[in-house]
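S.K.: What follows is the residue order along each chain.
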Amino acid sequence: MSRALKSFEYFEPRTVEEVVRILFMYWGEAKVLAGGVDLVPKMRKRQIQPKCLVSIQRIPGIDYIEGDGAKGLRIGALTNLRSIELSPAIQKDYELLHEAIHQIASIQVKNMGTAVGNLCVGTPASDIALPLLVLGAKLRIVGLTQERNVPIERFFIGVGQTVLQPSEIVTEVLLPSPPAATGGAFSKLVRTATDVAKVNVAVTVTVTDGICQDVKIALGSVAPTPIRANKAEEALKGKKLDQETIAEAAETAAEETKPIDDIRSTAEYRKEVTKVLVRRAIEKASKRAKA
Amino acid sequence: MEKQIAKFIVNGRSYEIPIEPRMTLVEVLRDELDLTGTKYSCGVGECGSCTVLIDGKPTLSCCTLAITSKEKSILTIEGLAQGITLHPIQQAFIDYGAIQCGFCTPGMILTSKALLDENANPTREEVKEALAGNLCRCTGYVKIVDAVLAAAEAMRKGGK
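First to last, the protein sequences are chains A and B. Sequential numbering from 37 applies to the first sequence in this note's numbering. Sequential numbering from 90 applies to the second sequence in this note's numbering.
What you were told as hints is all true, and nothing was included just to trick you.
Computed list of lysine-lysine pairs in PhoX-like fashion (alpha-carbon distance at most 20 Å, straight line):
{"hint": "1", "chain 1": "B", "residue 1": "K217", "chain 2": "B", "residue 2": "K146"}
{"hint": "2", "chain 1": "A", "residue 1": "K307", "chain 2": "A", "residue 2": "K267"}
{"hint": "3", "chain 1": "A", "residue 1": "K87", "chain 2": "B", "residue 2": "K92"}
{"hint": "4", "chain 1": "A", "residue 1": "K326", "chain 2": "A", "residue 2": "K128"}
{"hint": "5", "chain 1": "A", "residue 1": "K42", "chain 2": "B", "residue 2": "K92"}
{"hint": "6", "chain 1": "A", "residue 1": "K67", "chain 2": "A", "residue 2": "K81"}
Using C-beta positions, here's what the derived DEER-type ranges look like:
{"hint": "7", "chain 1": "A", "residue 1": "D245", "chain 2": "B", "residue 2": "E214", "range": "34 to 42 Å"}
{"hint": "8", "chain 1": "A", "residue 1": "H138", "chain 2": "B", "residue 2": "D144", "range": "21 to 29 Å"}
{"hint": "9", "chain 1": "B", "residue 1": "S103", "chain 2": "A", "residue 2": "K87", "range": "29 to 37 Å"}
None of these hints come from the bench; they were simulated from the model. Bear in mind that the values here come from a model prediction, so they are computed numbers and not experimental data. Built from N, CA and C at the ideal position, the CB exists for glycine as well.
Hey, can you work out the whole structure from these sequences and the hints?
M.R.: Structure, rendered in structure tokens:
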């Protein structure tokens with residue numbers, strides 16, 4: 037593969053306002069550079085050839101993890117995956133987010149890549165999007181004239197597509213406090229440790245006296261965007277979490293997917309595996325809810 | 090785009106080099122500074138051959154625009170030995186036969202150094218986890234993991 041990248045104009049602004057102004061000027065022809073682990077390979081492969089790159093790496097004050105499970109937690113746009121993985125607050129109160137990042141094998145990718153950058157790529161296979169979906173995260177989006185908070189389930193609109201306008205950036209992830217008596221779990225199936233998931237799953241379950249009070253199931257790599265398995269969730273609410281109920285819900289979740297055949301798996305296989313991963317994730321999450 | 094002069098601190102030495110924003114760090118290290126110990130392989134962040142330490146953290150130099158690492162502390166494989174005395178990790182890779190073709194070795198050793206700087210006494214499993222982003226296509230990983238564990242022991246006993 038040719039080594040050199042094509043030329044582009046390059047900016048290193050010091051504030052978010054400047055980033056947004058440059059993005060506005062280049063309307064759709066500029067890309068934001070955070071960690072570069074997705075962007076640089078795509079530029080090298082000529083999959084994208086932006087006229088301009090806007091690095092956010094030298095903006096002070098956007099690399100942070102603030103708060104905890106009691107108050108809610110905020111993650112900055114420049115916070116890398118490794119910092120999130122190692123954060124004691126995340127390990128304690130948002131266990132499944134830790135679990136998802138821990139399963140991303142390459143330390144180098146985790147040192148460079150940011151959570152916000154991962155979301156903005158808009159891949160249906162995102163290991164970060166799924167925990168955030170079931171945790172009820174919102175994204176803070178800043179544009180030229182307005183700011184808005186968008187729930188993550190409304191952020192993704194297609195493969196590689198999000199609701200971000202050409203002059204907007206995501207400045208932080210906002211995580212609410214997890215509800216009481218709630219457990220979470222993340223799991224995925226991959227070809228090799230460092231590969232993109234064939235199927236990935238995140239679940240949170242709220243359990244009291246063995247009854248499922250609330251449940252959220254997010255599925256990745258089985259539709260054009262990360263999705264929630266709404267029917268499976270409804271089928272579980274108010275039920276006793278026994279083996280049969282969980283297995284039925286896992287079947288329903290698999291029916292809600294619209295996977296494709298590609299180099300990693302066939303659609304048929306993805307549906308089968310969704311069942312298994314959902315079942316195991318619900319079992320694990322409900323055990324954690326009781327603990 | 091026009092070239093601009095950027096300052097790089099590589100292996101403790103300071104260099105001022107004219108660069109373009111499109112140049113990646115691996116190109117600057119190999120082609121501008123002749124530090125060819127850093128290997129270019131997949132070019133897309135999958136193999137770990139191009140790993141260098143930036144401010145102590147394992148980083149893929151093929152996916153890093155050089156301009157973003159200006160004025161940061163960069164360590165390449167050339168910066169590990171003290172004169173003719175090899176670093177204990179380098180010595181252990183030789184002693185344990187953890188090198189065959191050698192192409193993955195600089196990345197393996199630098200990633201191992203970052204691990205041992207953080208965790209002086211890792212378990213075998215922790216070594217394997219730390220090296221998951223570095224691929225070897227010659228032999229396998231058993232001797233590499235053996236070497237890192239041996240280096241950790243040597244370093245705990247006082248070899249730096």
